[in-house]
Amino acid sequence: MSNSSTKYLQEVANSEYEYGFVSEIESERAPAGINEDIVRFISSKKDEPQWLLDWRLKALKQWESLNEKEAYPRWAHLKYPKIDYQSICYYAAPKQRPALNSLDEVDPEIINTFNRLGIPIEEQKRLSGIAVDVVMDSVSVTTTFKKELAQHGVIFCSFSDAVKEHPELVRKYLGSVVPYTDNFFATLNSAVFSDGSFCYIPPGVRCPMELSTYFRINEAGTGQFERTLIIADEGSHVSYLEGCTAPSRDENQLHAAVVEIIAHKNAEVKYSTIQNWYPGNAEGVGGIYNFVTKRGICLEDHAKISWTQLETGAAITWKYPSVILKGDYSIGEFYSVAFTKGHQQADTGTKMIHMGKGTRSTIISKGISGGFSQNSYRGLVKIQPRADNARNFSQCDSMLLGDRCGAHTFPYLEINNSSAKVEHEATTSKVGEDQIFYCQQRGLSEQDAIKLIVNGFCREILAQLPMEFAVEAQKLLAIELESSVG
Amino acid sequence: MPEGNISKTTVSLEDRILTRHAAFMANLNGSQPFLLGLRSNALQAFQSLGFPGRKSEDWKYTPVTKWLDASLQMAESHDEPVLAVPPVLKQDNRYLAVSVNGIFRADLSELPGAEQNVVVCSLADAFKDHTELVQSHIAKQADYTSEAFTALNTAFLGNGLFVWIPDGASLDYPLYVTDICTDPNRSLIQPRNLFVVGANATGTILEWYDGPGHPSCFENAVTEFYVGPSSRVNHIYVFDRGESADLINSLFVYQEKDSYFATNHLTLSGRLVRYNLNFLPDGEGCETHLLGLVLARNEMHVDVHTFVDHAKPNSISNELYKCILDGNSVGVFNGKIMVRQDAQLINAYQSNRSVLLSDSAHMYSKPELEIYADDVKCSHGATTGQLDEEAIFYLQSRGLRQEEARLLLLESFAREVIEQVDDEAIRAYLGVRLRELLGEPAVSSTT
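Protein sequence lines correspond, in order, to chains A and B. In terms of the working numbering, the first sequence opens at residue 1 and continues consecutively. In terms of the working numbering, the second sequence opens at residue 487 and continues consecutively.
Just so you know, these hints were derived from the structure itself, not from any lab. No residue lacks a Cβ here, since even glycine has one placed at the ideal position from N, Cα and C. One or more hints might be untrue.
[Stated by the list, open to error] Listed next, the stretches of chain B that the computed footprint assigns to chain A, with coverage defined by at least 3 CB atoms under 8 Å from CB atoms of chain A:
1) 780 to 792
2) 826 to 836
3) 851 to 859
4) 914 to 922
Put together the whole structure using the sequences plus the hints.
Quick look at the structure:
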């Protein structure tokens with residue numbers, strides 16, 4: 001490749017983070033460290049019922065024994081120093097949180113923060129038709145469009161409100177997909193989770209708007225541990241979007257979230273993520289450690305769960321949105337673009353567990369790595385003995401934008417039923433010189449050509465995002481590529 | 487009492503190995519210090535590694551201790567073998583290198599004449615006659631510090647096979663390599679082969695392990711190939727020792743620049759079969775081909791691990807591994823392609839295709855890519871499925887019985903690998919043998 005495009009790609013790899021500002025919002029935080037007192041403190045802050053406290057304490061006990069054995073997952077293709085869990089603050093909330101009835105009562109600084117992020121929480125953005133739950137430093141700040149959603153019977157609120165107002169639903173489903181014993185980070189989350197979003201779609205309802213949660217880590221020295229629970233009852237439909245940013249700091253902050261999705265008969269859930277946590281600076285200092293457990297279950301027949309993710313941020317991404325295809329003829333999908341640059345490391349992928357007859361899953365993963373980054377796809381397709389006529393198609397493509405980065409693929413295919421059809425394909429390549437040449441011949445500059453090719457490479461995935469976000473995602477990708485190029 | 491017995495027998499295989507090793511070392515008066523050092527280092531490595539457990543990622547689907555039963559003995563017997571060479575190999579235009587219980591026997595072999603300028607002898611002789619050459623190659627690629635079975639083999643290294651094709655030489659006929667196990671007990675045999683191919687040399691090596699002798703051995707073989715610059719090696723490996731034979735085979739291939747190495751791995755029967763196939767093309771312009779076919783039936787467990795490590799730029803590798811699984815058999819494929827930093831312009835292709843013929847057969851496939859260079863074309867694909875109902879129906883509509891249609895489709899599935907075997911007689915024999923095996927109804931497919 002010619003020098004100028006190499007230079008361009010290097011600049012791309014060193015590009016800066018746009019959302020790195022800090023908002024001056026007074027906050028209330030718990031002392032650093034994790035122990036029973038902290039868990040009780042968080043629970044009492046939220047006026048939680050006894051059963052939830054008990055659940056947290058069981059999780060804490062489990063986590064403490066795991067931590068003692070240092071039983072954190074080491075199999076991922078990631079390198080990071082040992083995390084000191086006692087130096088993290090497990091609870092930080094923006095101060096002044098009386099019951100809010102409208103956005104006018106929200107701290108203007110918070111609104112300002114989200115305006116700078118371009119997040120449509122203001123009523124005037126009604127036209128965009130998106131209900132947003134905003135979570136800042138682990139606490140839900142505001143939820144918009146509550147009333148309108150209530151008319152349809154849709155419950156969309158912060159997790160703590162759900163515990164108060166719909167305890168029977170929370171109690172029934174919490175931990176049913178990701179039990180508190182699931183893995184090191186999910187266990188930690190179960191003990192100290194502070195807030196998150198809760199969503200319930202009643203039978204036969206098609207949610208009238210996109211639902212969205214926005215996560216922002218603002219405080220220094222804190223971790224964010226939110227929990228999302230989505231229940232789609234029989235024949236319902238919902239599309240859900242999550243976005244994340246954080247200020248630039250030279251410390252590593254931990255984000256360990258859990259997302260659980262339950263889809264009943266004929267229900268459909270589409271979950272999209274645009275993850276843009278602070279990735280650390282060009283030397284690899286700072287950035288968010290993103291250890292997330294996301295899992296959905298197609299509980300009954302003909303249910304469908306679809307994950308779409310655009311991962312551009314975080315110093316470390318450890319994330320495997322999965323689907324358990326329990327109901328017959330249920331469908332699981334996973335579409336992912338992971339873009340790493342600088343010293344970012346991503347180990348991401350999915351698990352599709354086929355249990356029911358005639359279940360189908362599709363995995364399309366695109367990895368783009370530049371700079372000194374390492375980008376791995378790790379996925380499992382498991383066909384259980386009873387899953388007759390199960391079908392899977394996986395495609396994992398990687399693109400390398402430099403000669404100091406790495407792109408890796410680790411797919412696991414476990415087939416225990418002879419009627420299954422499982423296909424996996426993976427390719428690794430760079431931006432083709434011939435492709436660039438072709439575009440240049442047609443009058444495009446070299447940089448536009450690379451942008452066009454990268455965009456084309458990801459097109460399949462971006463097309464899966466809800467329309468408004470597809471545009472945002474494309475812009476984000478362009479910014480990531482563009483960086484400091486004048 | 488019974489508990490005491492069990493714990494005694496489970497510990498004792500490793501114990502017996504250690505006792506045996508002490509005796510083995512004591513009998514080696516006059517051996518070179520190099521060899522003694524190598525053996526004791528390897529034994530130490532084996533002791534600290536131990537047999538791999540379930541937690542080991544490399545043995546995730548193969549709990550190998552299940553096959554290392556208490557009745558397993560170190561091979562003892564030196565009964566004269568019944569040499570039953572399959573007719574297909576009984577041709578004038580072949581050389582024959584025979585080992586018995588992992589010990590090379592020149593008296594049973596038919597070796598190339600002196601005019602060929604090719605050396606085929608026991609490793610023990612080679613250590614005496616070609617000391618420097620052997621010392622610079624033996625255990626160089628076969629890393630015994632991290633893999634227990636390679637360590638175990640290296641600890642008892644001594645009487646294996648050594649083949650040297652010097653610079654510019656070429657083997658005019660294929661060299662047929664076999665090993666016969668004569669111990670009537672269930673015994674552990676450890677063949678060790680070292681092939682050194684100089685610059686601009688060529689040769690065809692045909693490893694053939696089938697039924698003759700006692701079939702219930704546990705074979706732990708290690709083979710090292712050094713392929714010199716601009717050399718060409720064709721390698722064919724056939725394993726067909728029957729349903730009570732276990733095998734762990736570790737192959738290490740080191741390629742110098744502009745060299746060519748092609749291997750065809752055909753596994754037709756066995757009980758536990760595990761391959762660790764390692765290729766290191768360590769020069770520019772290398773070409774590596776790896777083709778494999780596994781036919782697993784009944785209770786067979788086949789685990790294929792392959793690793794192609796592209797250390798230098800401008801090379802090509804091509805891998806195709808096909809598995810047919812029937813009965814309660816288990817297939818494992820773990821193929822890894824690594825492209826190291828600055829190894830640009832690599833074309834690496836890997837494909838694993840499997841057919842499951844029974845509901846109680848299992849396939850675990852894990853094709854991996856680890857790429858650290860940008861100007862490369864690497865891809866892998868893995869598919870698992872069953873025979874196409876429509877194709878069977880089509881053939882039936884053309885007047886074939888269902889069984890014939892099924893056989894025809896399986897044959898054509900296997901043909902892609904067999905077709906590439908670079909030896910017409912062997913190819914024809916394999917076609918017949920495959921038909922014979924596929925035609926036999928699998929014993930337990932009804933369960």
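Taking the hints in turn, this is what the structure says about them:
1. For the stretch 780 to 792 of chain B, the stated coverage by chain A is not satisfied: 0 residues place a CB nearer than 8 Å to a CB of that chain, which falls below the threshold of 3.
2. Given a C-beta distance limit of less than 8 Å, the hint that chain A covers the stretch 826 to 836 of chain B holds, as 3 residues qualify and 3 suffice.
3. Coverage of the stretch 851 to 859 of chain B by chain A holds in this model, with 9 residues showing a Cβ closer than 8 Å to a Cβ of that chain against a need of three.
4. Coverage of the stretch 914 to 922 of chain B by chain A is violated [criterion: at least 3 residues with CB-CB distance below 8 Å; count 0].
In summary, the numbered hints that this structure violates are 1, 4.
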